[in-house]
Amino acid sequence: MTFWPIEFPAMVAALLAAAACGLTGNLLVLRREAMLGDAISHMVLPGLVIAAWIGSLLWGDMWRPFNFLGAVVAAVAGVALLRWLERRQGTEPRAAMGFVFTAFFALGVILLEATGQTNRHLDVEHALFGSLETLIWIDLFSWQDLARLASYTTMPSALASLSLALVATLVYFAINRRRLMVWLFDPAYSQTSGLALRGMELSSGLLVAFVAMAAFEAVGAVLVVALLVAPAAAAHLFARRFATQLLASVLLALAMAAFGLWLADAPLRFGWLSDTLPASGAIAFAAGLVFILILISGTLRRRVRKTPG
Amino acid sequence: MTLIDLLLLTALAAFGAASGALGVFLTLRGRTLVVDAMSHAALPGIALIGLLAGLGMVVRSGFLLVVGALVFAALAAVVILWLRRQERVSEDSAMALVLSSFFGLGVMLFGWLQLVDPSQSLGLTSFALGQVATMSLGEAWSLLAVALLVTLVIWAGYRGLCLLVFDADYAATTGWPLARLDALLMALATLLLAVGLRSVGAIMLLGLVAGPALIGLAWAKRMPQALGLAAASGAGACVIGGTISLEGTQVATGPAIILSLAVMLALVLSARGLRRSRGVCRSPLLRGLDRSDSAPSLERQSGRPQGEKERQA
Numbered sequence: 001m002t003f004w005p006i007e008f009p010a011m012v013a014a015l016l017a018a019a020a021c022g023l024t025g026n027l028l029v030l031r032r033e034a035m036l037g038d039a040i041s042h043m044v045l046p047g048l049v050i051a052a053w054i055g056s057l058l059w060g061d062m063w064r065p066f067n068f069l070g071a072v073v074a075a076v077a078g079v080a081l082l083r084w085l086e087r088r089q090g091t092e093p094r095a096a097m098g099f100v101f102t103a104f105f106a107l108g109v110i111l112l113e114a115t116g117q118t119n120r121h122l123d124v125e126h127a128l129f130g131s132l133e134t135l136i137w138i139d140l141f142s143w144q145d146l147a148r149l150a151s152y153t154t155m156p157s158a159l160a161s162l163s164l165a166l167v168a169t170l171v172y173f174a175i176n177r178r179r180l181m182v183w184l185f186d187p188a189y190s191q192t193s194g195l196a197l198r199g200m201e202l203s204s205g206l207l208v209a210f211v212a213m214a215a216f217e218a219v220g221a222v223l224v225v226a227l228l229v230a231p232a233a234a235a236h237l238f239a240r241r242f243a244t245q246l247l248a249s250v251l252l253a254l255a256m257a258a259f260g261l262w263l264a265d266a267p268l269r270f271g272w273l274s275d276t277l278p279a280s281g282a283i284a285f286a287a288g289l290v291f292i293l294i295l296i297s298g299t300l301r302r303r304v305r306k307t308p309g
Numbered sequence: 001m002t003l004i005d006l007l008l009l010t011a012l013a014a015f016g017a018a019s020g021a022l023g024v025f026l027t028l029r030g031r032t033l034v035v036d037a038m039s040h041a042a043l044p045g046i047a048l049i050g051l052l053a054g055l056g057m058v059v060r061s062g063f064l065l066v067v068g069a070l071v072f073a074a075l076a077a078v079v080i081l082w083l084r085r086q087e088r089v090s091e092d093s094a095m096a097l098v099l100s101s102f103f104g105l106g107v108m109l110f111g112w113l114q115l116v117d118p119s120q121s122l123g124l125t126s127f128a129l130g131q132v133a134t135m136s137l138g139e140a141w142s143l144l145a146v147a148l149l150v151t152l153v154i155w156a157g158y159r160g161l162c163l164l165v166f167d168a169d170y171a172a173t174t175g176w177p178l179a180r181l182d183a184l185l186m187a188l189a190t191l192l193l194a195v196g197l198r199s200v201g202a203i204m205l206l207g208l209v210a211g212p213a214l215i216g217l218a219w220a221k222r223m224p225q226a227l228g229l230a231a232a233s234g235a236g237a238c239v240i241g242g243t244i245s246l247e248g249t250q251v252a253t254g255p256a257i258i259l260s261l262a263v264m265l266a267l268v269l270s271a272r273g274l275r276r277s278r279g280v281c282r283s284p285l286l287r288g289l290d291r292s293d294s295a296p297s298l299e300r301q302s303g304r305p306q307g308e309k310e311r312q313a
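Chains A and B supply the protein sequences, listed in that same order.
Residue numbers for the first sequence follow the numbering used here, beginning at 1 and rising by one.
Residue numbers for the second sequence follow the numbering used here, beginning at 1 and rising by one.
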């Protein structure tokens, strides 16, 4: 039986990442800043590498909360840098963003080699393409083990950080629901009304960085983008109320993750291939497919409604 | 350094110059992130050719890999254009969606290739981050050829391209074929990224397009100067990055190129900071762009640095 120790943690990690990213993605998609998610998910890498390196110097091993701190600091520094470039230096905003996040990622890749962190805890391939398959829960053999506290000592730590990210996202949305509605849908009013919205940009940026970092370790930079953007963009195609939008984005994210996991597993199950395909890639692809399906079905339905009879 | 290394570096430098110059037009037209999405989207094309070769259907060659990359990059551009025309899909969402789902497909196909025939494995990481050492001579020639082509087209279509990026409305009223010029710009970008994937890398290509352009536009006051500066910094960064990558075996080429560009940009921006006391803040080239925010026009009248204006406000 390989389900409980190997497949179950990967599945849970994918679903947790999907729920957290799917909800957080609304902060980017509804402000038409989806590519900022791409930028942030790339910019966390150098912070993560430096934190892991310092951690291995100080404690002999990396310490996960410290990694989180490093990644969030890097993301905030990166966003501050690109805002400074576009506002104070007058550079073309999109080009400035593109160059800054590419440069941050490049720095992270070089630092990985230079500090010798490669192959110890992190490597470039996992940073890019994710490592859902390497999450192994050694002490888990059946569902009964989930009820035993002792088995949680070998739980992959990525699961813990993803759960934390999901909780943080839920709390953030619960606290700021009304403020978010104004800030996301009526930026002009939110500026004039002074509804305590000054901190929204910073706090939402911090949340995106935190969630991206948690998901980044498990599923990779590019899948983070897919999970941030696709569910919220798909929900935005049909949702007419804020609550519907939020609920639909989470449910769609879960569906996309499940579809992707099935897609990765299908060739093995049908006996076409000798092993599964990379799950993170499959989820990103599935997210795109689901979005296109919803888009096309919406267009068709509208067309049917328009034609008389 | 062997003769072959020297040839590779020359080709890479020419490529860097061409993408730097083209990057200026792409930046002024606001198209840099589309290039990023397209270069990510080219990966499944490469994986598909590798897979077909692994299954014994075609013989793998550098030419076929470029064709595969071209097809998928063009497909991505078409999908982005189509998505952008839909209601309720912003341009950013369209790009991010295409970028991530095509890239995901590429990762899947590379995984499949690994299972079918591990000996055919092309190394996904080297295509993502670039590795000049894996380049064949044929690919070096293709870099040179594309660089030459891009230079020729920019030289021949200079007036049209300038009108396209600076004053599209005027160009349209005087009968310039704007749609065709725009398509030409994107076609050149597609060609550039398809041949550059192996040496610069899908993720790093954006930096080589945007970085030199930022440097050129930050310093130059006139378009030819900006183009020259961008081409020079692109070529210089490619030489530095390529040398580092060829000498130190572990370093990927793309990140080395981008980091040298980042150092150059920092130098140019601080040099401009010194020049700023004369009241020149924004690049005059960027002022010509019709942006929705009205800040530049205010600044042009007062001629004050932007920072000062903000403090007064």
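Read the hints as simulated data drawn from the structure, not as lab findings.
Since the model is a prediction, treat every value here as computed from it, not as a measurement.
Ideal placement from N, C-alpha and C gives every residue a C-beta, glycine not left out.
A few of these clues could be false.
[What the hints assert, rightly or not] Derived Cβ-Cβ restraints for the label pairs, each shown as a range:
#1 B:Ser-136 x A:Arg-269: 46 to 52 Å
#2 B:Gln-250 x A:Leu-149: 42 to 48 Å
#3 A:Phe-238 x B:Arg-275: 48 to 54 Å
Results for each hint:
Between B:Ser-136 and A:Arg-269 the beta carbons are some 39 Å apart, a value that contradicts the proposed interval 46 to 52 Å. Judged by the Cβ atoms, the range 42 to 48 Å given for B:Gln-250 and A:Leu-149 holds: they are separated by roughly 43 Å. Remark: the range hint 48 to 54 Å for A:Phe-238 to B:Arg-275 is upheld by a beta-carbon distance near 53 Å.
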